[in-house]
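Novice: Listed here are the chains, written in short residue letters.
There are 4 protein chains.
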Amino acid sequence: MLRYLTSGESHGKCMLTILDGLPAGLFVDKRLIDAELSRRMFGYGRGKRMSIESDRVNVLSGLRKNRTIGSPVALSIENADQSIDRLPAVVDPRPGHADLAGALKYNTKDARDILERASARETVARVASGALAKILLKEFGINVTSHVVRIGRIEAKTRGLGVRQIETMASRSPARCADPVASRLMQREIDEASASGDSLGGIFEIVISGAPAGLGSHAQWDRKIDARLAMALVSIQAIKGVSFGMGFAAASVRGSMVHDEINFNRSKGFFRNTNNAGGIEGGMTNGEDVIIQAAMKPIATLKKPLGSVNMKTKKNAAASVERSDTCAVPAAGVVGESVAAIEVAGAMIEKFGGDSIIEMKRNLDGYLKQIRKF
Amino acid sequence: MLRYLTSGESHGKCMLTILDGLPAGLFVDKRLIDAELSRRMFGYGRGKRMSIESDRVNVLSGLRKNRTIGSPVALSIENADQSIDRLPAVVDPRPGHADLAGALKYNTKDARDILERASARETVARVASGALAKILLKEFGINVTSHVVRIGRIEAKTRGLGVRQIETMASRSPARCADPVASRLMQREIDEASASGDSLGGIFEIVISGAPAGLGSHAQWDRKIDARLAMALVSIQAIKGVSFGMGFAAASVRGSMVHDEINFNRSKGFFRNTNNAGGIEGGMTNGEDVIIQAAMKPIATLKKPLGSVNMKTKKNAAASVERSDTCAVPAAGVVGESVAAIEVAGAMIEKFGGDSIIEMKRNLDGYLKQIRKF
Amino acid sequence: MLRYLTSGESHGKCMLTILDGLPAGLFVDKRLIDAELSRRMFGYGRGKRMSIESDRVNVLSGLRKNRTIGSPVALSIENADQSIDRLPAVVDPRPGHADLAGALKYNTKDARDILERASARETVARVASGALAKILLKEFGINVTSHVVRIGRIEAKTRGLGVRQIETMASRSPARCADPVASRLMQREIDEASASGDSLGGIFEIVISGAPAGLGSHAQWDRKIDARLAMALVSIQAIKGVSFGMGFAAASVRGSMVHDEINFNRSKGFFRNTNNAGGIEGGMTNGEDVIIQAAMKPIATLKKPLGSVNMKTKKNAAASVERSDTCAVPAAGVVGESVAAIEVAGAMIEKFGGDSIIEMKRNLDGYLKQIRKF
Amino acid sequence: MLRYLTSGESHGKCMLTILDGLPAGLFVDKRLIDAELSRRMFGYGRGKRMSIESDRVNVLSGLRKNRTIGSPVALSIENADQSIDRLPAVVDPRPGHADLAGALKYNTKDARDILERASARETVARVASGALAKILLKEFGINVTSHVVRIGRIEAKTRGLGVRQIETMASRSPARCADPVASRLMQREIDEASASGDSLGGIFEIVISGAPAGLGSHAQWDRKIDARLAMALVSIQAIKGVSFGMGFAAASVRGSMVHDEINFNRSKGFFRNTNNAGGIEGGMTNGEDVIIQAAMKPIATLKKPLGSVNMKTKKNAAASVERSDTCAVPAAGVVGESVAAIEVAGAMIEKFGGDSIIEMKRNLDGYLKQIRKF
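Protein chains in written order, with the numbering used here: chain A, 29 to 402; chain B, 29 to 402; chain C, 29 to 402; chain D, 29 to 402.
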């Protein structure tokens, strides 16, 4: 069992996470966590806040001499601005945010009580836990990456590119997009939206390669790995949709065009020539790359504010304006990788048990041998 | 806390569910459960199996004189064909099914061990538990319905229709589609696919009306109601994508076109004129209708079978053919309603506590008064 | 993850359990489940009800040709008397039972709504699930047994007896007590209590042998195996205390008399000459026998009823009298074995992962080799 | 749902806890948390370590202007000694500790990897979370206290004392014992054990007053509040037994001497003249004080070390000696209060729902009115 909680408010002391259930003996290079935090911070379309922030992880517990010891790992990231107690009340809730629903639920006339926690700043803690999950997965040859496939009206063309290429190309693009032409158009799209005080969303794609067949289970609804991944992805701020493989497009074509025929050869074992399933069949990984797309709505804080209602006077008012970005899809992709990595790492731990890296590897190797000789 | 498990194999004795956590004092009309089971069975595109089956629920426990008493409720639905022990082995796994991944994971050369449980027959148990959830929600004026918005290439037009209309129109359509023109085209689409031994998927939409603002929470990733709904929906067999409100389309337009401005008047309290958010902001219901779309891939068992590999000989083989439908989207919509109803009922129980209907109502009333006077 | 729910009322159709998470490929001899049900039924001190009942398990799902297939297993046991809807209301709650607290909580004036579910009849479902857990544990050489060490004033002397002896002796005793002298005295103690319309409790001890070191974890409070076992044991009807190894007696002596010194030899590896810890240190099994004691209060339904209050009139009344036993400690021991077996089986599945018996064994073997070469 | 995790190693940076699920609007006086930390630190029998430590809580997140806002609350307590990376390896595992089982499980030859986390230092984090739970419970008139009833051979006599008296007397005693005579004898008992390099355990009792009837549930095994409390208590380091009300003593007497007859009068409603059940019947609170006893074994680190085996050489060796106390029962009582408070607070949140203090109070008031008019 791998589980995590996060805590922290965007103008509180820090963002925090406890990740419980990592095996012992995993070497953790703190710089890899910082590198993930950096990947989350950058990306075309982020506002000024990002440029002044420079997130660095503090390992509060769980490591000894840079290795896991079976203990829960706690990571914190300090906030540059810790003024939560002095910041003014927010009484004009912003459409598209948690502000109003949260104020009603938690019975407060000051939406700051809500937005401080609902803020996407929270995702920095998830990226920190996700970095640990990625480091674990790397031990087993599992790689998690992402790239942006749409921002606003601009769609990327990546058909035919391999995962490695996608990863490399995306890492070079300010929009984290593997299609260089689309990348430039996306930047222009963002500039235009920014100029008119508006915001943009988009779609990112996660690719998980190297996962063995058989993670997750068909046997009970809440053990299906796609169900868990869907929960993880939709739990990210501003995500309004998630899909696997061919996704919504599979609804429009016939079965013979969708399902991935099964092949076998001695070196690869079972394999497919297509991957419309996105690597998941019956709630289990099937050995192909796991492919997830997630749709992000445009950022809800607009410089040109939307109509709202003052929670005290009940009079019409312009929605409150908090510091914000124009587009956060490139960053969201990194968050997506992180939460997906945690789910896959959790499924690995469930299937292979093991309290030490050595034990997990031994168990995984035994299984891989089993399915090779199947 | 409301939780449920299901069990049962498609050719075993019965399909079964235990739903744990219902408040006491809820009157359960068994006929309402059977009505939901019937809704699941029918729908254009189902195969012969459906016409010979006539699912009826057996209440095994949890009710006394047709009322809940705080006990877990167990419901079973007998299978017409209980030949699981005599049915032949399946050695040619079907692409798009759990067959191969499950066989590898559970170390069996007979995919029947997997497909008996992975079968969509399992959903009958979820519909039974979901019917209880719906009956509970009805007590609080919450209604859950669905309609088919796409089958293959045919898309329904329902813009401008109210929930009631949609519900009525869909109930009259063999495709469970609220657009009569599209409904006819969908049937033709299905006939054509059937004639060529192929299958179809589609998209259904769930509409939950009457839920108060404040279900779910922004405060922790796994408490967000959209995350939980996404998990529930994706856990349904063959669902490859889920979205909320404007969904993936929100990725293509600017923020000013997406976020739902906030209004207020004395009779309604806070309300919106648009509902692009699909009734959920910040992981919480906002008082508007909750709108979910789910994409179903075409049925994976094709009469004209796809290429596969014999698990014993490792030679190429045509995929095994089990009895199957051409299109199950109308049925899947009913399943979607069921699992969504369970999640919303769970969120109601979490927020309003209460061990009896009277207590839950009192707590809900208190809250509704609170937000009315907010 | 291994989890289970039960459902069922004592005069409803049946008692039911779903056990989710068993590995595939486990051969289940239904007669072994029935044998456990029989062990639960008999034992000196049970009332007439037991003699007319003859519990037999129905496997509703999860097995194919008597083997697990990764599916959740559902087991039911029919009730001989299914008159729940016709039985009279209970308005005079019985002290020591759930009657009054439950009636208040669930807002009912008829405590039958509560007692039907709170009844110890529910434990038959746990014994059924526990039998599956025991069958699984047997595959790994883990044995779970119990014996009665006290009934009323009579205490057994078993110091010096090995587990095998205890198991054999207890199985021959009507009181399930391994000390033949005490066994006879216990029967007399029960006869005397019965004659005066009174009831008796006692203490049983569970011994789990063959569990490897390292089940459970010190790393998080809810992962400690003794914590989980304590929860499981106390969840049994009428259990008022639980202890491990030396238990409460350890509170009275000095540390040097309590802690089990560590030894090592080539054939056994690490071992202890004493086992005051009861096989658990730091929330983990240490390789020695796990020893648990649980205290059961006397049965709360007395033929000579206690004072109570009519819930409708609020006038003093004699507590209602339901059919009942004089002493159920021998049966409770069997229930204790069952819930303990489920916890240990769950810990095995967590540590060794594995979706098939073959995989679990391979993983366990690898671990045993590791600690042998440690 | 109220849940918490802790993290931290005894010589790491800090001990940490995240408590998730507190309602909004709770005023938290940080000094009350510090007061609980102090109560945990003191108590006769603690070693030098305690006198140099002075634990102070840092609120890392979840409060705004000293009030909860629905966010998870994170609390940390800095460690005075943060030398974990420089401390020497521990190769001679200490009997009675997690050392050996943990080293085998997590595959390390250095038991420091284990003992740093298994240390009772971890409980400081639980006391911090428990302090929040207590502050919440105070809002509803629920008080949680504890006192020491046995240390070694010395037993306290407190029969006839009310809860208030017990609380006052215990707070004045260095042994946290409400019987002044026993308190002095306990100190002498500790001095003697200390002088001979030995250690002592004991028994503490927790009393929870003011909890309404109906917390927990009889309906499912893992919803019983005594089961949950047992898990929480046994999860505390060195606790080897737990009991409720009359506990193990109930096993020795007849039912008519055990069960608490039910009375009623207009002002109190239903009540009992005895409380042998310890306030819990059928897995639910019954409105009387909840009374729990927990047995702590003597501290496992002895100045006069026990026999052990060097994990590297496999030769006999004296067990490693870490800094330690002679007796920690008074401190353990405070920890016991803390974890019990969290469980009761969780049960309150489950039963009364509510996301704000105002809402929870309204729901509780409604329920109290209901059972008063029952």
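Derived from the structure by calculation, the hints contain no laboratory data. Everything numeric in this text was worked out from a predicted model, so none of it was measured. Some clues are possibly wrong.
Put simply, identical chains are the same to the list, so a pair is met inside one copy or across any two.
Taking lysine to any residue pairs in the SDA-like style, the calculated list, with each CA pair at most 20 Å apart, reads [stated by the list, open to error]: (1) 332 to 343; (2) 296 to 349; (3) 185 to 108; (4) 397 to 386; (5) 58 to 82; (6) 331 to 116; (7) 41 to 84; (8) 58 to 281; (9) 389 to 400; (10) 41 to 87; (11) 332 to 222; (12) 389 to 399.
Novice: Decide, hint by hint, whether the structure agrees.
Specialist: Outcome of the hint check:
1. For the identical chains of this complex, residue 332 and residue 343 are intra-copy neighbours only, at 19 Å inside a copy versus 64 Å across copies, given an alpha-carbon limit of 20 Å.
2. With identical chains, the CA atoms of residue 296 and residue 349 are never at most 20 Å apart, being 55 Å at best within one copy and 26 Å at best between copies.
3. In this assembly of identical chains, the alpha carbons of residue 185 and residue 108 never lie at most 20 Å apart, being 38 Å within a copy and 50 Å across copies at closest.
4. Within a single copy, residue 397 and residue 386 get their C-alpha atoms as close as 16 Å, and across copies as close as 13 Å, so both meet the 20 Å cut-off.
5. Only within a single protomer do residue 58 and residue 82 lie at most 20 Å apart by alpha-carbon distance; the minimum there is 15 Å, versus 30 Å between protomers.
6. Proximity of residue 331 and residue 116 under a CA criterion of 20 Å is satisfied intra-copy only: 18 Å inside one chain copy versus 57 Å between copies.
7. Proximity of residue 41 to residue 84 under the C-alpha cut-off of 20 Å is found in both arrangements, the shortest distances being 13 Å within a copy and 17 Å between copies.
8. Taking the shortest Cα distances, residue 58 and residue 281 never come within 20 Å of each other, neither inside one copy (47 Å) nor across copies (39 Å).
9. For the homomeric pair residue 389 and residue 400, the shortest alpha-carbon distances inside one copy (16 Å) and between copies (18 Å) are both at most 20 Å.
10. Taking the shortest Cα distances, residue 41 and residue 87 sit within 20 Å of each other both inside one copy (15 Å) and across copies (9 Å).
11. In this assembly of identical chains, residue 332 and residue 222 lie within 20 Å of each other by CA distance solely inside one copy; the values are 10 Å within and 52 Å between copies.
12. Proximity of residue 389 to residue 399 under the C-alpha cut-off of 20 Å is found in both arrangements, the shortest distances being 15 Å within a copy and 16 Å between copies.
The structure shown violates the earlier hints numbered 2, 3, 8.
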